[in-house]
Each structure stands twice: as structure tokens, then as C-alpha cells.
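Dock chain D with the ligands against the given chain S, drawing on the hints supplied.
Sequence lines, in order, name chains S and D.
For the first sequence, counting from 1, position 207 maps to 207 in UniProt numbering; every step adds exactly one.
For the second sequence, counting from 1, position 18 maps to 18 in UniProt numbering; every step adds exactly one.
No lab work stands behind these hints: they were computed from the structure.
Glycine included, C-beta positions come from ideal geometry on N, C-alpha and C.
You may find that some hints are simply not true.
As the list claims (entries may be wrong) - The calculated DSS-like cross-link candidates involving lysine-lysine, where the alpha carbons are at most 30 Å apart (straight line), are:
#1 D:LYS308 / D:LYS395
#2 D:LYS293 / S:LYS55
#3 D:LYS259 / S:LYS135
#4 S:LYS46 / S:LYS291
Said to hold, decoys possible - Partial list, computed: chain D residues near chain S (C-beta under 8 Å):
#5 SER4
#6 LEU34
#7 LYS46
#8 SER97
#9 GLY98
#10 GLN101
#11 ILE109
#12 ASN112
#13 ASN129
#14 PRO240
#15 VAL252
#16 ILE254
#17 LEU266
#18 GLY272
#19 LYS291
2 protein chains.
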Amino acid sequence: MQFSDLAMNLKASEIRELLKLTTMPEVISFAGGLPAPELFPTEQLKKVDDAILTKDGRAALQYGTTEGYDPLRKQIAARMKQAFMVDCNIDNITITSGSQQGLSMLAQIFINPGDVVLVESPTYLGAINAFKLCKPEFVEVPTDEKGVIPEELEKILAKYGDRVRMMYVIPEFQNPTGITWPVERRKAFMDIVNRYDFPVLEDDPYGELRYDGDKVPSLKSMDTKGNIIFLGSFSKILMPGLRIAWMVADPVIIDKVVKLKQAVDLQASSFGQRQTSYYIDMFDLDEHVAKIKALYKKRRDLMCESMKQYFPEGITFTYPEGGLFTWVTLPEGMDAKELMPKVLAKNVAYVPGGPFYPHGGHANHFRLNYSNMPEDRIVEGIKRLADVLKEELAK
Amino acid sequence: MQFSDLAMNLKASEIRELLKLTTMPEVISFAGGLPAPELFPTEQLKKVDDAILTKDGRAALQYGTTEGYDPLRKQIAARMKQAFMVDCNIDNITITSGSQQGLSMLAQIFINPGDVVLVESPTYLGAINAFKLCKPEFVEVPTDEKGVIPEELEKILAKYGDRVRMMYVIPEFQNPTGITWPVERRKAFMDIVNRYDFPVLEDDPYGELRYDGDKVPSLKSMDTKGNIIFLGSFSKILMPGLRIAWMVADPVIIDKVVKLKQAVDLQASSFGQRQTSYYIDMFDLDEHVAKIKALYKKRRDLMCESMKQYFPEGITFTYPEGGLFTWVTLPEGMDAKELMPKVLAKNVAYVPGGPFYPHGGHANHFRLNYSNMPEDRIVEGIKRLADVLKEELAK
Ligand SMILES: Cc1ncc(COP(=O)(O)O)c(C=O)c1O
Ligand SMILES: Cc1ncc(COP(=O)(O)O)c(C=O)c1O
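Next comes chain S alone, as it looks inside the complex (with noise of 0.2 Å):
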């Protein structure tokens, strides 16, 4: 059987793989990026489905718009104002199977094989896979505790100069850093992005899930060239299994995306989107978003103290104003990978840092997820990792 250049290339996601291990129970697992399942509104979707399949069923159930169904793209273009600052219409707007396929059809309409790809060093992993399909040449912009670092962003583009086609930042509690961009920085890089006109991916599926410290702009918001391609998802602040999220682009932009989708999968699923849709016209997001970050930030709080507790010296992690993650950086030589079967064998879980870097390296890092575990087993697990960390580093 012969494969395309394409298949013989194809990894499977390091989380993915690892988070098959870590499904058995008695795991502490730090290593996904899943939501709370205990605050899914089951009871308020019975009512949701219900009413849906009165009142639409036939509907629901058939083919529809590869755009996606109008109801549901007004009341993106509604929250995309009142949570985002971002002014738009339905013309905007597309609906994707989750940002995943928003991020691999991106890749799709700007990359030629060759072609440069700026991304934050380090970025989500999910993207690279996705990016790599198109073969790009992958360039890590520096980046600090503020995001990426403008003056060193404007050296790469005066170095790369027209063969950069795409960039790809997550201002907001970045996965996996959990850093977020201030303002003057927005500033300072859509300043330069605007000099310089090329297309901005700005993923945000963490955006309205802030603990403390005050909102900042979207970069979409202060896009005045419709450079910016914005990302967002109902993943983290409704459900992730339905597979509904959304784009909200220049209509030429949304215009190759929609047609580009039809290829690869024809639409979104009908009864998903009007599953989200209805929940938001029977039922209050606004409120579920408030429980979600009530229980998030306790969460944070009990991971970071924890960690500021039972880690050795030595040992320093961010402290994310909102987001799913926190960032472990171990001193220089150490090697997270490397250490994963002692934190495993202790049935606990994280991913190590080097995915996140097209070009690897940065061994001494990983990532931690606090939404996923109840507090007490946050408090065992970073225990556990406290133990095993204090041993490597008496060694």
C-alpha cells in the first residue's frame, strides 16, 4: 500500500496518545485540556433536545448551510459584541466541527508548502498538527511573561519579509502558558501587524473565562484592516462533545473557508448547533459561564498554592489570570519527558513541554491542567509531583 507524502508524515498527537493512559481512574490526570463534566447542564439540555425536535425536528435532523444555521450565527455576532468588543454580522461569521477544523482549514486557505508560520514559542500543540498537513516552515516568535515580544516579532518579519503568510497567537490565557497579552502589547503588535498586512489567527477558546485582573481587548476588536481571523468555541464554556465553534473573518476570508468546507465535510452538525443555539435562547450562558469560573479559580488557586506549598526551590510555574493551564518550568537540564514514567507510576499526569515548540527542545517544561480533577485530588497529585520532583533534584 502506498501512502502520500502527506500520511508517511502524519504523528499522532503526543496529549492524545498519552491521555489514552491516563483514562483509568485512579490517575490524577493534569495532562488534558477537559472541561468539568460536572457542570454540564444535562437536565437543561433534555429541555433543550426536547424542544428542538418538537418544534424543528425535521429541520434539525437534515442536511443544512455549510455556514452554518443563521439563528445561531446572530447570536455569535451578539456575544462576539457583548464578550469580545468585536462588531460583526452574520457575513462574518462561519460555523466549524470545533476550532481544530477552523485552525486546519486556515492552514489550508493561506500555506503553501514552504511558506512561513509564525507561531508564539511555545503554542498549542493541536495547531501545529494541524499547520504541518500544509508543509510550512514553522518560525517561533520569543516570547515573554507579557506574550509575544514585539521588537523581536518585527526582527523575524524584517528577516522572513514576504514569505510570511500566517500567523497564529493566543492572546488570552495562552495554552499552553496561561499567559495573557496586556493591552499595550495588543497594541504595540497590531501596530506592527498592520505595517507589515498579513493574516492573524487569534485563537480564543479561553477568552471568557477570567479569574481576576481586568478584560482586555481582543485583537480582533482593534483590527482595523480585517487582518485578524478570530477563533472562538463553545468547548470550554458549554460542552466540547457537541463539536461547535466559530470563525469571525473578512467575508472574502469566511467566502474560501465556507467553500473549502464543503469539500471536507459539507457542515457542521445540524442538531449541534441548534443544541448550542437553543441552550442560549431557553437557558442564561452568561450564568453558566459565572459557575464555570467559580469553580475554575478555586481550582487555580488550590493548584498554585499547592504547588507554592509541597514544590521544591529551584521550581517556578505561571500564575494564570483565567484559562485551563499553568506552566512548569524546571531548572535547565532537566527533562519532563523523562521523568514521566516516575510521576506516572505514582498515577499521576502532565504533558511535557517539548511538543509545544515546532522545533522542540525546552525539555525543562510541562503543562498542568487544573479544570479537570476535584480539589482534593488536586492537592494529592501535586503532592505526588512535589515528591517525585524533590527526589530528581536531591539526585
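Chain D with the ligands only, in chain S's frame:
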């Protein structure tokens, strides 16, 4: 804004653009390939959704594995045996977001730019659209009223040799022609495939919808070397709006597809997969399929009888033993696309034949769908169509 070469070459599917024009209630549309919505099991789904949310709500709304929901994969394995005479287990099966996604992923797995893809002439235009993204050279294999002509296939294989990397066929109730390959043809075909050893996509969304004649074994059931990749879908036997379909293939191929799916959209809907699986458990899918068959048989008969009665001489059409479509052939020189405005002016719609050929031409055909319109509108639509055709022929 600079787009990729792929984006520059994207065209909207002519069918889907057409479908937008034909959603007005006054249009008698024979254009789409939509199932009859009045048969969707909306009342049963209320019970299904309630059961899911009561028993399994958290997992149903959470991220799941890329391979798919295991109980559904097991049910599909059983169905493959019962309905398609194929022995397989869950390692041979993965769930896709519609068969459309199966088609697009398989092209990515097998095709490098410039590789030869063989297709029936004509073939499903959604497949042409999906494959095009990988920039193959399409070679059309001549067909007759029994499907692919083995001698012609053999000539083409001799000519293109190793450059042939994939073939795509719809041996049951083909879209667009309605044609089914008899068993001798299938045997001759498999003999050639086994000699030349290349992957064949057997796309079979309509196989269970046979209205008369005897069941014919699927190609996959005759496959001894793992060359056949079978695509099945719940779109036509249950409902398309959930976007749940499956693929049956050698585990080596399934492994590639799963890795690719991780990058393109992570997974099919956790909830949609459970809706399908619980439906099969709680109700009788065979009984449901029997109802669909009874209705579509009536509609097929009515459409074919009406064409016989009202169409002018010199126009032929296929008499499908199952599926959703009949294929009409106008006298050489007539152009079904040019006729469209006149037909639409009478509030009737079909799909002109040209787009079903990757290299175009063949303008004197159109495709009619009979599953989606009630009986009285079928008769009325065919009468109106006949009027236009008579007028044209009289010129
Ligand atoms: C930064 C980021 N983008 C995109 C996704 C994909 O989310 P989904 O496809 O569920 O919308 C994730 C999921 O964890 C993520 O962390
Ligand atoms: C031959 C064929 N294959 C695949 C499909 C796609 O079906 P789905 O993606 O809904 O499973 C269709 C839909 O009409 C079809 O006719």
C-alpha cells in the same frame, strides 16, 4: 490578502449553490440528495436523548477518542456483517463526520499532487470536490449500464501503471446514475484490483436502500488483500444532520486516518455518535429502513412512470433498483445546464450532468432525486419538466 494555491482554486460546489436557490417552498426540487424528512424518527430521538443525558450525560458532552465511540463501532461491525456481508471488528472501523470527511481524508492519505485517481464516468461530484484539494490527475473510467467496464479499466491501468494511486467507485445505486454493478462485474473488477494492487474506495451510502432485485455482495466482502476501503453512512438510513458515518479498512489505513483526523477536527460529535448508537439499541433500525424503502420505492415508481408517460421521445432515463437518483439523457447536442433557467422558471429544479465528470462535457444529462418530494409534487414536477423538454425538442 495572499491566499494559498489551494484557496485560489476553490470553487463552490455547483449543487450546493443550486440548492440554495431551490429552498423556496414553491420550488419542486429534484436537485438535492435529501432524505424524506417526514420519516426522521423525531419522537424516538426524544427518548434517545433523554436516555443518553440520564445515563451518560457527562461523557456524551465531553471530548472523546478520535477513533470514535466504541459501542457504536461494535454495532457497525455487526451491521457490516448483516447488511454488507463483511467480517470485521472495531480495529477496522473509525467514525467520520459524514462520509464526505472520509472521502477527503482518504484522498489526503493516498494522493500526492499529480498522482492519478480513477473514477467512474460520471461520479459523485462531492468526491470530485474533495479529491481536487490534493491536485490529482483525474482519469475517468468508462461505464455502461452495469457499471465500470473491466476491459476499459484494464487498459487504463496498463497505460498509467504505478501512477494510479487510488480508485473511487459507488457500485450500489450510484450517485448520479442510479446504476448497480451485477455480481459478475464485481468479480471481474476484484480480479483486476488484486492483480494491480491499488486502494479502492467503495462508497456505499445507499446499499441498504434496495427496492427490487437481489442483494449483491459488496466489494469489501470479496476483498482478500485489504485493497478495499468501505465507506458507510447513517445519512440516508437514519438522518444526515448528525454527520455520523464510518469507514472500514485495514488497521494500517485506519491508523493513518485517525492520526489525520486528530489534526483536522479531533473527533466526530460525542453526542451525535451516542444518538446513533442509542437509537440502534433502543429501536429497530431495520424496521426504520424498511419504512424508508417502502416510501422511496413508491416515489421511484411514480417518477419513472411519470417520465415514461409525459417525457417526449428521444429522452432516456435509468430505472434504479435502489437509492435516490435517476439519470436522464437528452438527445446529443442538448445542454441541461442551458435549460436550467427555463426549468427554474417553472419552479422545478434538477442538477445538470456536467459537474459529475471531472473533465466536464456530457452536457446532455441531468440527475433527478425522488426521495425528497411528496408524490403529488413528483407527478406535477415531471409534467412541467416534460413541457419544457417538449418545447425544446420542437425547436
Ligand atoms: C488554544 C486551543 N485552540 C483550539 C482548541 C480546540 O478546541 P475545539 O476544537 O474543541 O474547539 C483547543 C483545545 O484544547 C485549544 O486549547
Ligand atoms: C455517493 C455519496 N457519497 C458520500 C456522500 C456524503 O454523505 P455524508 O457526508 O452525509 O455521509 C453522498 C451524499 O449525498 C453521496 O451521494
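Cross-check of the supplied hints:
1. D:LYS308 / D:LYS395: holds, 21 Å
2. D:LYS293 / S:LYS55: Given pair D:LYS293, S:LYS55 holds - Cα atoms ~26 Å apart, limit 30 Å.
3. D:LYS259 / S:LYS135: Measuring from Cα to Cα gives roughly 16 Å; hence the hint holds.
4. S:LYS46 / S:LYS291: holds, 20 Å
5. SER4: Interface hint status for D:SER4: holds (5 Å vs cutoff 8 Å).
6. LEU34: This hint holds: D:LEU34 lies near chain S, its Cβ roughly 6 Å from the closest one there, short of 8 Å.
7. LYS46: OK, holds: D:LYS46 within 8 Å of chain S, min 5 Å.
8. SER97: Since chain S brings a Cβ to about 5 Å from D:SER97, closer than 8 Å, the hint holds.
9. GLY98: holds, 5 Å
10. GLN101: holds, 4 Å
11. ILE109: holds, 4 Å
12. ASN112: holds, 5 Å
13. ASN129: holds, 4 Å
14. PRO240: holds, 5 Å
15. VAL252: Hint on D:VAL252: holds, closest Cβ of chain S at ~7 Å, below 8 Å.
16. ILE254: Violated, because the Cβ-Cβ distance from D:ILE254 to chain S comes to roughly 12 Å (cut-off 8 Å).
17. LEU266: Since chain S brings a Cβ to about 5 Å from D:LEU266, closer than 8 Å, the hint holds.
18. GLY272: holds, 6 Å
19. LYS291: violated, 15 Å
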